[in-house]
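Chemist: Which chain is which? The protein sequence lines are A and B, in order.
Every number in our numbering is 42 more than the matching position in the first sequence, counting from 1.
Every number in our numbering is 42 more than the matching position in the second sequence, counting from 1.
If you're looking for bench data, these hints aren't it; they were derived computationally from the structure.
Keep in mind that a hint or two might mislead.
You can't tell identical chains apart in this list, so a pair holds if it fits in one copy or across any two.
To be verified - PhoX-like mimics (lysine-lysine), calculated; alpha carbons at most 20 Å apart, straight line:
(1) Lys63 to Lys261
(2) Lys333 to Lys128
(3) Lys128 to Lys395
(4) Lys171 to Lys136
2 protein chains.
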Amino acid sequence: MKIIKNGDVCTPAGFAACGIKAGLKKSGNTDMALIFSETPCESAGVFTSCRFAAAPVKQCIETLKKGNKCRAVIINSGNANACTGKKGLENARKMAELTAGKLKVSSSQVLVCSTGRIGVPMPMDKISKGIEKAIASLSNKGGGEASAAIMTTDTFAKKAAVSSRIGGRNVTVAGMAKGAGMIAPDLKGLHATMICIITTDADIERGFLQKSLVESAEKSFNRITVDGDTSTNDTILVLANGVAGNRKIRQNSSDATLFRKALDYVTTQLARQVVVDGEGVTKFVTVKVEKAASEKDALKCAKTIANSLLCKTAWFGCDPNWGRILAAAGRAGASFNPDKVDLYFDKTCAVRKGMGSGIPEEKLAEIMRNEEFSVRLVLNSGKSACEVWTNDISYEYVEINADYHT
Amino acid sequence: MKIIKNGDVCTPAGFAACGIKAGLKKSGNTDMALIFSETPCESAGVFTSCRFAAAPVKQCIETLKKGNKCRAVIINSGNANACTGKKGLENARKMAELTAGKLKVSSSQVLVCSTGRIGVPMPMDKISKGIEKAIASLSNKGGGEASAAIMTTDTFAKKAAVSSRIGGRNVTVAGMAKGAGMIAPDLKGLHATMICIITTDADIERGFLQKSLVESAEKSFNRITVDGDTSTNDTILVLANGVAGNRKIRQNSSDATLFRKALDYVTTQLARQVVVDGEGVTKFVTVKVEKAASEKDALKCAKTIANSLLCKTAWFGCDPNWGRILAAAGRAGASFNPDKVDLYFDKTCAVRKGMGSGIPEEKLAEIMRNEEFSVRLVLNSGKSACEVWTNDISYEYVEINADYHT
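Chain A extracted, bound-state conformation:
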């Protein structure tokens, strides 16, 4: 497996993309991206489980259900097209139709994603002109621009790419993602104002592609949380156009293992970038829970710690107030004996058998002054473990969210 530095969604063969200004953002920044494959793609998706799923989420689901090979994804930022009723769904479908018409493909081959403010009707005149402009701007060098055009409160574009020798050919998997706030995972589905588009030139079975995406998302995007809040528009899509000409990747083959490794690399890299770019983030914190009675218990503890406002503000302040970490674990609903619990900051033991280890607070504060550190809770109640990636909560987080208008 070879990591491709500065790779983007156009790195796999046969994809073009662009990022243009449709005039949806007050800031005047680019706000529309288009990804196009020269050949039809096996496609798969994972979506928010929020009851207020946005119109574009519904459009993606209904389109993927048809089983067509897709050709394009049209994405806008600056407007979520969520809580916009029947008209919103009509508009999402119209976005697919307009894109399809100009690209001369079927509208059931076009997927739609939106991100931005909830509850604002989509300005279809701007969208329509934007789509025209986007199609005229398509280029096999447009991947970087596409990843910039989907940003909202993001401060950098998120990209990753990797290539592997699979089925006799070089197969490339690449992706882009956006998301900085309203980021929180859930075991049942995917949550976050998070959009991630993965492209690959692999030739792959559709069923295995969907299964791979679900499992890969579970171990990447489903293991991050920025603010514990969740969204209406979360979408991960993968398009596989088969241009690499490899032997078709099928489940339970050695090719499948290689593909999964490449896909996992891309989803993990993108998920970590979302946390690094979390709103107002100053620190990247890995929360590990080990020796839990079950993986479910480990995950309950890790997510409760990672979402605790008191833990996150203490991390921001480099305050080694480990009592907050234990208190969060204690209310997580996991089963363990509090008198057996150990806690580490990186490799330094802060708590042994449920009590302070006696380490001077300054030693712990020193670790917390790093931009990245880990909190490792050892429950000593079983054999299960898990890892969640999160961040601190700063003044800037409050500032960004006290008045958010893209």
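Place chain B on chain A using the hints.
Modeler: Chain B alone, transformed into the frame defined by chain A:
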């Protein structure tokens, strides 16, 4: 029922109290309170369900289990005596013994509460001298001082008192509470760095007293959240000394109804004061959920909204970003049809049938500029309702919690 303005834990007959400086707080503020009843009290308690329950919580539970009539509660702030192991429990028991010895009562008649930093050994020399000083300072005018001495990040002392004609006598119920951060409710138990002591001169059956406390806490302290975080030391105690000389209050009597009304008034007032004084709070927000399929669904939605960091920061900024409220309700795990949902800010409709009502944002922002407003989510899916009291999250919240040392 008559509300007693400026009433405190010494307002019911037969109680003395005090608040003194034991030297536990760096600030030099008072940090120890003692409440003493001249006659033995029927006593009841509700406690944290956090797995890391603090030593004083264990001491209270073991003492109440003995079924003795209690005489005193000794409370310190500045140190939580949590995550302090066997030595911590010994110290909590020792606090009861020292208090009992000087008061010439049994140590199984003394309850202990602690609040402050987790994981710091209790300085027993200071505690011992403090207890001596506290006993010498007991006065039937000391209720106000007691309520000040239990504060940590609180900015005002929380008190409430009411009297009712019950069983032929004037019966008084009064209480004090502390708590500003690590405040979050849970259906199964009581959570929060919250200590609440209720005194009453009522003559009442012990079993009914405990049942009343559980039910009353469920509709008051269990309906508040400041930061969604929870604690190791939460305690509500009620002491009933019977000095009023009323006909003994028994379950299912008209006296019982009158007592419950008085108790509910005190718990509700104190719970609301905790939210008003929440760390960094600028707004008191009532989250109402109506026409839910079940009370459980209503509570899920209300608590998810009340704990959502994105909702709370938007409230702080007077940003009428109602999409965040719907998104929170949508991930709460409640069952409802998103296309039927209405949302109101006070009496102004923001969302009708899952879509923006068309009201100008400025109208909603105007409501949000008040110090108190309500958010009312009408699910139109059933007949159940609930109400939760919460607050916004401000820069000051982050400041307070980035470096907390009492």
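Chemist: First find the shortest C-alpha distance between Lys128 and Lys395 inside one copy, then the shortest across copies, and answer within, between, both or neither for a cut-off of 20 Å.
Modeler: Cα proximity of Lys128 and Lys395: across copies only (11 Å, versus 57 Å in one copy).
Chemist: With identical chains treated as interchangeable, where does the CA-CA distance between Lys63 and Lys261 reach 20 Å or less: within a copy, between copies, both, or neither?
Modeler: neither (34 Å within a copy, 52 Å between copies)
Chemist: Could you figure out if Lys333 and Lys128 sit no more than 20 Å apart (CA to CA) within one copy, between two copies, both or neither?
Modeler: Cα proximity of Lys333 and Lys128: none, with 49 Å in one copy and 23 Å across.
Chemist: Within a copy, between copies, both or neither: which one fits Lys171 and Lys136 at a CA-CA cutoff of 20 Å?
Modeler: Only inside one copy: Lys171 and Lys136 sit 13 Å apart there, 77 Å across copies, limit 20 Å.
Against the hints set out earlier in the document, violations occur for numbers 1 and 2.
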